[in-house]
Amino acid sequence: DAKTTQPTSMDCAEGRAANLPCNHSTISGNEYVYWYRQIHSQGPQYIIHGLKNNETNEMASLIITEDRKSSTLILPHATLRDTAVYYCIVRPPNTGNQFYFGTGTSLTVIP
Amino acid sequence: NAGVTQTPKFQVLKTGQSMTLQCAQDMNHNSMYWYRQDPGMGLRLIYYSASEGTTDKGEVPNGYNVSRLNKREFSLRLESAAPSQTSVYFCASSEALRAAGVQETQYFGPGTRLLVL
Numbered sequence: 001d002a003k004t005t006q007p008t009s010m011d012c013a014e015g016r017a018a019n020l021p022c023n024h025s026t027i028s029g030n031e032y033v034y035w036y037r038q039i040h041s042q043g044p045q046y047i048i049h050g051l052k053n054n055e056t057n058e059m060a061s062l063i064i065t066e067d068r069k070s071s072t073l074i075l076p077h078a079t080l081r082d083t084a085v086y087y088c089i090v091r092p093p094n095t096g097n098q099f100y101f102g103t104g105t106s107l108t109v110i111p
Numbered sequence: 001n002a003g004v005t006q007t008p009k010f011q012v013l014k015t016g017q018s019m020t021l022q023c024a025q026d027m028n029h030n031s032m033y034w035y036r037q038d039p040g041m042g043l044r045l046i047y048y049s050a051s052e053g054t055t056d057k058g059e060v061p062n063g064y065n066v067s068r069l070n071k072r073e074f075s076l077r078l079e080s081a082a083p084s085q086t087s088v089y090f091c092a093s094s095e096a097l098r099a100a101g102v103q104e105t106q107y108f109g110p111g112t113r114l115l116v117l
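Chains as they are written, first to last, in the numbering used here: chain A, 1 to 111; chain B, 1 to 117.
Because the hints were derived from the structure by calculation, they are not lab data. Glycine residues also receive a C-beta, built at the ideal position from the N, C-alpha and C atoms. There's no promise every hint is true.
[Stated by the list, open to error] Pair ranges (Cβ atoms, derived):
| # | chain 1 | residue 1 | chain 2 | residue 2 | range |
| --- | --- | --- | --- | --- | --- |
| 1 | A | N54 | B | E95 | 32 to 38 Å |
| 2 | A | D11 | B | D38 | 23 to 29 Å |
| 3 | B | S67 | A | S9 | 36 to 42 Å |
| 4 | B | D26 | A | E66 | 38 to 44 Å |
[Said to hold, decoys possible] Chain B residues, not near chain A, derived (Cβ > 12 Å throughout):
| # | residue |
| --- | --- |
| 5 | L13 |
| 6 | T15 |
| 7 | S18 |
| 8 | R44 |
| 9 | E52 |
| 10 | G53 |
| 11 | N62 |
| 12 | N65 |
| 13 | R68 |
| 14 | A82 |
| 15 | P83 |
| 16 | S84 |
Produce the entire structure from the sequences given, and follow the hints as far as they go.
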């Protein structure tokens, strides 16, 4: 069962920040929020993950609200190569060991 | 490091034929996974292997078998292919498989595109 809600699609101008929202209102206290992306015809690529605090790496920043019911992935300076489907993942309890990818947000970076 | 590699990249089968999809990782990861992705859908777990010598069913195991040949390699076999198995198959690996609630980052291969006629 899906535990996250993401917009189906978004556009972003090249060079601007892309802010991708995700709602996960039923998240449990020990569940991490993961973000992956999938560029057309390629395997999913890990971006970032977090539990409570905001996180930043060379690819993106992850902002998690204080109540942990939602988060935002930020690509600070979007490029055309960032056009992809972005998946926000929270693993539900008692479901074994898989990542439920859902359908994600299709981000199109516009020149 | 090549990461996760998969062979073949493309395959066309006739209904009833068998084939094995190969996956290997060079990151010394303990856990490996097989997913399938149908058009316009997310990934669904077929089987996984928490460690060498163990395998377990995922969400959609019917019609598939797996073998964890060694720590590096995890193969997926279709004994009698059906058109419903037309999909893109992704292999992934992670350092370890931990208790529920503790995530491990998974790293994915480039995929195998399978068409069953």
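>> For B:A82, is the shortest CB-to-CB distance to chain A above 12 Å, so the non-interface label stands?
In response: At roughly 23 Å from the nearest Cβ of chain A, B:A82 sits farther out than 12 Å, so the non-interface label holds.
> Is 36 to 42 Å a correct range for the gap between the Cβ atoms of B:S67 and A:S9?
Replying inline: holds (39 Å)
> Is B:E52 truly not at the interface, in the sense that its beta carbon sits beyond 12 Å from all beta carbons of chain A?
Replying inline: holds (16 Å)
> Taking the minimum C-beta separation from B:S18 to chain A, is that value above 12 Å?
Replying inline: holds (24 Å)
> When you look at the beta carbon of B:S84, is every beta carbon of chain A farther off than 12 Å?
Replying inline: Non-interface label on B:S84 holds, nearest chain A Cβ at 20 Å vs cutoff 12 Å.
>> For the hint 32 to 38 Å, verify it against the beta carbon of A:N54 and that of B:E95.
In response: violated (24 Å)
>> Is 38 to 44 Å respected by the C-beta to C-beta distance linking B:D26 and A:E66?
In response: Holds, at about 41 Å.
>> If I take the minimum Cβ distance from B:T15 to any residue of chain A, is it greater than 12 Å?
In response: Fine: 25 Å to the nearest Cβ keeps B:T15 off the interface.
>> Within 23 to 29 Å: is that where the Cβ-Cβ distance between A:D11 and B:D38 falls?
In response: holds (26 Å)
> Are all beta-carbon distances from B:P83 to chain A longer than 12 Å?
Replying inline: holds (21 Å)
> Would the least Cβ to Cβ distance between B:N65 and chain A come out above 12 Å?
Replying inline: Answer for B:N65: holds, closest chain A Cβ roughly 18 Å.
> Going by Cβ atoms, does B:R68 stay more than 12 Å from chain A at every point?
Replying inline: Holds, since 14 Å exceeds 12 Å.
Hints 1, 8 from the earlier list are contradicted by this structure; the remaining hints agree with it.
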